[in-house]
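Asks: Single-letter residue listing:
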Amino acid sequence: DGGITQSPKYLFRKEGQNVTLSCEQNLNHDAMYWYRQDPGQGLRLIYYSQIVNDFQKGDIAEGYSVSREKKESFPLTVTSAQKNPTAFYLCASSIDSRSSGANVLTFGAGSRLTVL
Amino acid sequence: AQKITQTQPGMFVQEKEAVTLDCTYDTSDQSYGLFWYKQPSSGEMIFLIYQGSYDEQNATEGRYSLNFQKARKSANLVISASQLGDSAMYFCAMRDALDSNYQLIWGAGTKLIIKP
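The listed protein sequences derive, respectively, from chains X and V. Per this note's numbering: the first sequence = residues -12 to 103. Per this note's numbering: the second sequence = residues 0 to 115.
Calculated from the structure, these hints are not laboratory results.
Derived pair list, reagent style DSS-like, types lysine-lysine, alpha-carbon separation capped at 30 Å:
| # | chain 1 | residue 1 | chain 2 | residue 2 |
| --- | --- | --- | --- | --- |
| 1 | X | 70 | V | 110 |
| 2 | V | 15 | V | 72 |
| 3 | V | 72 | X | 44 |
| 4 | V | 15 | V | 110 |
| 5 | V | 2 | X | 70 |
| 6 | X | 44 | V | 2 |
| 7 | V | 110 | X | -4 |
Not close to chain X: a few residues of chain V, all C-beta gaps over 10 Å, as computed:
| # | residue |
| --- | --- |
| 8 | 10 |
| 9 | 13 |
| 10 | 64 |
| 11 | 70 |
Since the model is a prediction, treat every value here as computed from it, not as a measurement. Ideal Cβ placement from N, Cα and C applies to all residues, glycine included.
Full structure from sequences and hints, please.
Replies: Written as C-alpha cells, this is what we have:
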C-alpha cells in the first residue's frame, strides 16, 4: 500500500545536538511538507518542496533545514539553533502544491521529538 | 491576513447523536478550498472532506457533511450518527492563492469525545 513513513516515532535529544527526522513516500507525489504541531495549536508549516532539488521556507523555518535529493524522500534536520524543538512533527505529501483546488495532503504518523 | 477559527476547544457528545464542529475563516481571495482532517490519538492526520469556494452544493462523504455558508464565511463539519471511533481531534484548514501561496492554514482544532 502507498503511504508515508516517518522515523523515528520517538526521539530524545540533548540540547545542542542536531537531529534528523526521516520522511519517505511511495505515492509518487511531487510535493512534500513538514509541519510542526504544539499542544492547543494548529499545524505550522516549516518547509515544503514542490519538486526535487527545490524547497521553500514555511512560516517557522528558523532552526530547521531540509533537502530533497530524491522524489521519495524529504528529511528534516532540527538544528541546535532551534530554541524550542520539543514538538510533534508531521510529514505530508500531495500531488502538487500549486493549486487552490482539492489538493489533499496525505500524512505520515508523525515523529515526537523531546529535548532533554 | 487569512485566518481559521475553531471556537470549540472540546466537545462531549453522546454516541449515535449528530455533532457539529464549528469553523469560520477569513480570506479576501474569491477562490479557495476548505478542508477537514481528523487526528486520532495515534497522531496521523486523516483527510475527511473538501469544499471548494465555487461549489454550489455542500460536500458530503458518508457520515460527514460540510455546512458551507459562504456569506458568513463558515464551514462547519457535521458528523451524523456519531460512533466511539469518532473520538479524536478535528482540524479545519483553508488554502487560497492570495495570502498563503496555496499552503494550508490550520485552525487550532476541536477535541471531540464520544460518550457511550
